[in-house]
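**Q** Note that the protein sequences, when read in sequence, are chains A and B. So that you can map any letter, position 62 of the first sequence is 62 in the UniProt record's numbering, and since no number is skipped, the others follow by simple counting. So that you can map any letter, position 74 of the second sequence is 74 in the UniProt record's numbering, and since no number is skipped, the others follow by simple counting.
In case anyone wonders, no lab produced these hints; they're calculated from the structure. Owing to the predicted nature of the structure, the values given are computational and were not obtained by experimental measurement. Just so you know, not all the hints are guaranteed correct.
[Unchecked claim] Lysine-lysine pairs mimicking DSBU-like chemistry, simulated, CA-CA at most 35 Å apart:
| hint | chain 1 | residue 1 | chain 2 | residue 2 |
| --- | --- | --- | --- | --- |
| 1 | A | Lys51 | B | Lys121 |
| 2 | B | Lys51 | B | Lys171 |
| 3 | B | Lys51 | A | Lys51 |
| 4 | A | Lys121 | B | Lys51 |
| 5 | A | Lys171 | B | Lys121 |
| 6 | A | Lys121 | A | Lys51 |
| 7 | A | Lys171 | A | Lys121 |
| 8 | B | Lys121 | B | Lys171 |
| 9 | B | Lys171 | A | Lys121 |
| 10 | B | Lys121 | B | Lys51 |
| 11 | A | Lys121 | B | Lys121 |
| 12 | A | Lys51 | A | Lys171 |
2 protein chains.
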Amino acid sequence: MGRWPAGAQERLQEAAIELFTERGYERTRVAEIATRAGLTERTFYNHFADKREVLFPGQDRFIADIREAVVAAPAEQAPLDAILAAFTAGSDWFDQRREAAQRRRRILDAHGDLRERERAKTAALGEGIADALRTRGVCDPAATLTAAVAVAAHQLAAARWSADPRHGALKDHLRDSFEELHRTARTW
Amino acid sequence: MGRWPAGAQERLQEAAIELFTERGYERTRVAEIATRAGLTERTFYNHFADKREVLFPGQDRFIADIREAVVAAPAEQAPLDAILAAFTAGSDWFDQRREAAQRRRRILDAHGDLRERERAKTAALGEGIADALRTRGVCDPAATLTAAVAVAAHQLAAARWSADPRHGALKDHLRDSFEELHRTARTW
Numbered sequence: 001m002g003r004w005p006a007g008a009q010e011r012l013q014e015a016a017i018e019l020f021t022e023r024g025y026e027r028t029r030v031a032e033i034a035t036r037a038g039l040t041e042r043t044f045y046n047h048f049a050d051k052r053e054v055l056f057p058g059q060d061r062f063i064a065d066i067r068e069a070v071v072a073a074p075a076e077q078a079p080l081d082a083i084l085a086a087f088t089a090g091s092d093w094f095d096q097r098r099e100a101a102q103r104r105r106r107i108l109d110a111h112g113d114l115r116e117r118e119r120a121k122t123a124a125l126g127e128g129i130a131d132a133l134r135t136r137g138v139c140d141p142a143a144t145l146t147a148a149v150a151v152a153a154h155q156l157a158a159a160r161w162s163a164d165p166r167h168g169a170l171k172d173h174l175r176d177s178f179e180e181l182h183r184t185a186r187t188w
Numbered sequence: 001m002g003r004w005p006a007g008a009q010e011r012l013q014e015a016a017i018e019l020f021t022e023r024g025y026e027r028t029r030v031a032e033i034a035t036r037a038g039l040t041e042r043t044f045y046n047h048f049a050d051k052r053e054v055l056f057p058g059q060d061r062f063i064a065d066i067r068e069a070v071v072a073a074p075a076e077q078a079p080l081d082a083i084l085a086a087f088t089a090g091s092d093w094f095d096q097r098r099e100a101a102q103r104r105r106r107i108l109d110a111h112g113d114l115r116e117r118e119r120a121k122t123a124a125l126g127e128g129i130a131d132a133l134r135t136r137g138v139c140d141p142a143a144t145l146t147a148a149v150a151v152a153a154h155q156l157a158a159a160r161w162s163a164d165p166r167h168g169a170l171k172d173h174l175r176d177s178f179e180e181l182h183r184t185a186r187t188w
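So that you can see chain A by itself, here it is in the shape it has in the complex (with noise of 0.2 Å):
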């Protein structure tokens, strides 16, 4: 499952980032990451809308395939579970990618319109992902709050993989997160 398109938008991003560490979120121009990817200022516009939306490639794809996962997982597995096999099944792909996703990370956090951003695909994940649970027959307000704590749990996980200086798998955050959700659940 790929998570991120290969090809002009993936080029555009890694142009970006490198660009925007080198230089400044601020100070790089949408000519200046085509150039550096070697395409130009009309196929960057083609890909995203904005010089915002380049740190975020895929990011609707990424939800659509989260949501069909946990849409087609079998009948008798709970929602958590089914939340996290479809988190952890694209999951290789973002470790071939660590270094790219540190990088992206920290641009991201020095900037308040990037975390807008982000904050934005974070709710739509949610939505998504309460959607396919309703379509499984959970209803509302589980679906909605399983979905909440599903995101934050995943973001929990990511965080973690990030910062990880043993360069532990995605995958086995994924895990550990989830298995400490589960164990603070029982706690409330």
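With the hints as your guide, set chain B onto chain A.
**A** For chain B alone, kept in the frame of chain A given last:
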């Protein structure tokens, strides 16, 4: 526990909600909001950084109040109970302003940039609650995960309260949502 400050800020918010409802958010200028409230544009900017912020008066104060209440809750109270009590303590204030809250909700729902600002405030609420739980001795990741579900349950309660045709009190919607959270968590 006052949620939004009285006086200038509240008058400016009331004027803004009136004007946004009458003419639309985009077509309303800050100077017009100030005039409707019987104040100057300068006073507006003494209270709010921009036009978006007028729809979130006292939000930082609200977050600080919730945080303090969670820290000050009895040591034997379970984290989610302490959070529910904190939200409940100031809920009458919102009941007295239900209609303005409903009009505000409609304005927020119709504007992506206002929803982005709202998500930033929601994220800050979650961070405030997680911090308060850590002060109570709850370790991470339990603090982060518990704060995330509490915020989700609060959002659920606020949405139901705002849409309730029978005008049920916010504290009753909060109690119901947290009960449903407990019920849902037992299925995880």
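**Q** Would you mind marking each hint as holding or not holding in the structure?
**A** Here's how the hints hold up against the structure:
{"no.": "1", "hint": "Lys51(A) to Lys121(B)", "result": "holds (24 Å)"}
{"no.": "2", "hint": "Lys51(B) to Lys171(B)", "result": "holds (30 Å)"}
{"no.": "3", "hint": "Lys51(B) to Lys51(A)", "result": "holds (24 Å)"}
{"no.": "4", "hint": "Lys121(A) to Lys51(B)", "result": "holds (24 Å)"}
{"no.": "5", "hint": "Lys171(A) to Lys121(B)", "result": "holds (31 Å)"}
{"no.": "6", "hint": "Lys121(A) to Lys51(A)", "result": "holds (15 Å)"}
{"no.": "7", "hint": "Lys171(A) to Lys121(A)", "result": "holds (21 Å)"}
{"no.": "8", "hint": "Lys121(B) to Lys171(B)", "result": "holds (21 Å)"}
{"no.": "9", "hint": "Lys171(B) to Lys121(A)", "result": "holds (31 Å)"}
{"no.": "10", "hint": "Lys121(B) to Lys51(B)", "result": "holds (15 Å)"}
{"no.": "11", "hint": "Lys121(A) to Lys121(B)", "result": "holds (16 Å)"}
{"no.": "12", "hint": "Lys51(A) to Lys171(A)", "result": "holds (30 Å)"}
Checked against the numbered hints listed earlier, the structure breaks none of them; every hint is satisfied.
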